[in-house]
Amino acid sequence: MLVLRLLQTESYARALTRAAHPFAATDVIEGHVRTRMERTSPLDSPTAPVLWVVLHEAALLLPVGGNAVMAEQLSHLAEQTDSRPRIVTQVLPFSAGAHPFLHGSMTLMQFTDAPTVVYTEGAYSGQLVEEPLLVEQFRSAYDLARAAALSPEASLQRIVSAAKEFATP
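Heads up: the sequence shown begins at 11 in the numbering used here, then just goes up one per residue.
Hint data in this document are derived by calculation from the structure and do not stem from the laboratory.
Every value quoted in this text rests on a predicted model; they were computed, and no experiment measured them.
All residues carry an ideal CB built from backbone N, CA and C; glycine is no exception.
Fair warning: there could be bad hints in the mix.
Using C-beta positions, here's what the derived DEER-type ranges look like [unchecked claim]:
(1) 146 / 112: 13 to 23 Å
(2) 110 / 15: 18 to 28 Å
(3) 36 / 93: 24 to 34 Å
(4) 136 / 40: 14 to 24 Å
(5) 37 / 146: 22 to 32 Å
(6) 15 / 37: 28 to 38 Å
(7) 124 / 150: 33 to 43 Å
(8) 51 / 138: 16 to 26 Å
(9) 11 / 78: 16 to 26 Å
(10) 29 / 146: 15 to 25 Å
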């Protein structure tokens, strides 16, 4: 229940990488962070795909890297959501209860010229799911999560509010 990698700031990515690899040397951590940040470049393309994110409210409250890192990360998320029409963010509130993605995140990738696939991701590995029945299960779960989430407008307000809370000493 973290901010999607494509929307992470460098300091947030560094804090997550350090938490996942607490005994790694600084140069190893920085290498991981550089690689992660390079992967955000598809969002800068004029032909960027639509990115529809369902983010659990826990991601807005878990103090990854401390208050300054979280204030920066949430402000960045709000700015990206507000300024890029191809990025839609919805917050799944705690009040929605249990949901299918308690065990990790997933990315549903739809193509015009290839079958839909799912990429699941954890702290140390990821898996590409191509089996049509499993992909359909993930799609249904994603649709249910979107339906239970706050509207994009209310979600943006919640993200901005959380950013302000972290920015306040």
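Item checked: Hints violated by the structure (listed by number, smallest first) -> 5, 6, 7 and 10
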